[in-house]
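Colleague: Residues per chain are reported as follows:
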Amino acid sequence: MSLLILAATLLLLTLAGYYMGRGRSVAVSQGVTHRLHSRPQYYGVYVALWCGMPSFLLLALWLALEPQIVEMILVSNLPASILDLNPDQRGLIVNQITSLALGGIVGGNITPEIEAAARDYAGMRQTGFAAMAVLVLCIAIFGLALGRKQIATTLRARNRVETIVSAVMIVASTIAIATTIGIVLSLLFEASRFFTKIPVTDFLFGLQWSPQTALREGQVGGSGAFGMLPLFAGTLLITFIAMCVAVPVGLYSAIYMSEYAGPKMRAIAKPILEVLAGIPTVVYGFFAALTVAPFFRNTGDALSLDVSSESALAAGIVIGIMSIPFVSSLSDDVMNSVPQTLRDGAFALGATKSETIKQVVLPAALPGIVGSVLLAVSRAIGETMIVVMAAGLAANLTVNPLEAVTTVTVQIVTLLVGDQEFDSAKTLSAFALGLMLFVVTLTLNVIALRVVRKYREKYD
Amino acid sequence: MTETSASAAPIQRPDLSGARLKRRYAAEARFRLYGLIAVFAAIGTLVLLLTSIISNGYTAFAQHHIALEVTFDEAEIDPTGEREYNVLRRANYQGIARASLRGSFPDVTERRAKRALVGLMSGSADQTLRDIVLANPDVIGTTQTVWVKASDDLDSFMKGHISRDVPESDRRIKDRDIGWIDQLIADERIESQFNTTFFTAGDSREPEQAGIWGATVGSFLMLFVTLVLSFPIGVLSAIYLEEFAPKNRWTDLIEVNINNLAAVPSIVFGLLGLAVFLNFFGLPRSAPLVGGMVLALMTLPTIIIAARAALKAVPPSIREAALGVGASKLQAVTHHVLPLAMPGILTGTILGAAQALGETAPLLMIGMVAFIVDIPGGFTDSATALPVQIYLWADSPERAFVEKTSAAIMVLLAFLVVMNAVAVLLRKRFERRW
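Protein chains in written order, with my numbering: chain A, 1 to 460; chain B, 461 to 894.
Pulled out of the complex, with its shape left as it was, chain A reads as follows (with noise of 0.2 angstroms):
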């Protein structure tokens, strides 16, 4: 809360320093503005600026850092009984000394040296913020001084604030790329961490999947096995089925729509099948759930077939339902980019419509469709929610779409759901798993966009 009125006060700061500069480079030119450089605002811009800017990355920075290094000096002021523990052991009574000291309720016992270094922790926290909030105040006054006493006639306040405000725009649109760093790294830093526990030729052509590791020595089932070749099985059956639905549906209502629907219908139908797109994954999941598989497990009863309840068949068509509308709008897309020319050249060969978008349209615009069913299966391989709450959790090796399989994001989700330790072969195996899905879905949008965009060059 004190944080908020931190902000709030460096805010109304920065606001004073905009009036204070705009005032005083009135009163710099004796009331006849036109004689100052640039406008009055961007005097009052620039002493804002110098103000705000520095205080406010300061307060960023030292938030981010600041639990880090008050636990490095936590950590290095314990008790040698406590550092000559093993890592974990040490980790736990860290975290026990944390939450203690923020007033959480903790368990296990807790020795009067832990009592003590939560003390002397809580007691750094507070002095650390206010040593925080002076420095961030003297800093926001000192930077508005600043300001304010170059404000001249002949200051360049225009071309200053206009490079400070350029600076950062391409801090802004590094964002992106910092964003595609951050996860790259991230993902091989744990999966690295994994990949030094389970070898990687273990994890990339494996068969068994079973992530549990033993507790105790000896435990039935405990060993633990990361072989991900079932998980990206049943991912890929889960995908294909998907296809089946998303692929001849999308297609055929883009060819539906670009070429013999009317402007009325038109309007009426696209935004329709765009809702599709536009409803959360977790409702389709329910939907699934729900409706999809009692459906088919009844139907299989009805047939005297074995279906299981969390069969790939409903996930798989759910999915499919979901993905018609990334088919169909890149398909119309592309294929109302067609040149009407080359239609009119087959009706004129006498050729009927349907045999003009097939001969035709269709093998113009195939590098454009072929495009965009990659990125509905790159989207259907990322699909988490459905198949979370429809697919099963057992990983089996298997092709029957009636049977449960599992898929790579359901075993992320259920490894990284609840508590977790974060050094365990089980945990970390979540990341290479990560790691494998981001590879493959890069992999194919890159080869997507680019199959879309020289295509759509090519008749622009």
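If you're looking for bench data, these hints aren't it; they were derived computationally from the structure.
You may find that some hints are simply not true.
To be verified - Examples of chain B residues lying across from chain A (beta carbon under 10 angstroms, computed):
1) Ala-498
2) Ser-697
3) Ala-735
4) Val-829
To be verified - Label-pair ranges, simulated between beta-carbon atoms:
5) Gly-784/B - Ile-272/A: 28 to 36 angstroms
6) Gln-587/B - Ala-145/A: 55 to 63 angstroms
7) Thr-794/B - Ile-272/A: 37 to 45 angstroms
8) Trp-710/B - Ile-272/A: 35 to 43 angstroms
Fair warning: this is a prediction, and the values are worked out from it, not measured in the lab.
Glycine included, every Cβ here is placed at the ideal spot set by N, Cα and C.
Mind docking chain B on chain A? Use the hints.
Modeller: Chain B only, in chain A's frame:
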């Protein structure tokens, strides 16, 4: 085969019977029909999805209540008679509620039967009574008719989710319970009322006490963080890429990167949040702040792409005119291009926000699946979000949570419809043709 290919190319004679033409036209009609079927299949599944959810969920907006003749006994509630707040708060209201329900069925004497009878009433009956007493201590010593919530089983039974025709061993409401319920109905002491709890309460293990307000607050706190972060960053980077960036390898890389980022599975963003925000920076688990940050990274590409399209649509003549009267490049953009592009940018932002509001998977990774009863009061409190609440309820075994889940989905979809409608209106209202 060889004979025909050896002879000169056969001349195709026109088929004067018209059979071939008929066949071609039939193929044409068939093809067209396939297209129409595909469109209607897609629309049909949408209708099926919505009907299945609405038909399951609309009943959750009502809740059955039981009327109790409650005697607010002074000796029981406030033996000292001083009406002190803490005494009133801690009185045994559960006992009072139970006694008054048992009082209407004096012939129930066996212990287990008594317990089953009390089970028809929600566990929250004592809170209802306490609120009445605390709001108006004058009721002490009087007898009042109080409507308390029925249990989820009775509620499901009254709504027809539990059928009388099912064999007794397969249903949660036994024949004995049905006898009591019939008697209550005959006395007109069961009534269906609008379920305000659903809109005002947090999560609960008891279906009749569970509500979506906590999740809604969590969702909107998160959405606020998302927008505060992603809107300025998205607009700034779109302006840079569209108006200022030189065309070189670096900006090409940024562009390809943004397009790819838009197609990265959302769960990967959750992994990023877990590894970086939680494990590295040590931010709290289950906090709307972290959820908002993760979703901001996820919606950023959507906003950038939409903002660039909107900026591109502003004709160059506007920029040239501004530059011609002496504006700097930045002034031309901020004073003229950006205001004209704003409706488009806002439309894209709202659509991105709608996408973020419905996102679940990354939130599971950063621990927003916890069971949280309290309404979150700030950005670092533990919270859950609407879609996550839906996921949690969908996993609950109680029959009554099915209708709650469907109803929560209806609320979520209503939010999304409103957001999309605003986006469409904005586009319609401010769309300019140049």
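Colleague: Among all the numbered hints in the text so far, which are the ones the structure does not match?
Modeller: Hint 5 alone not satisfied by this model.
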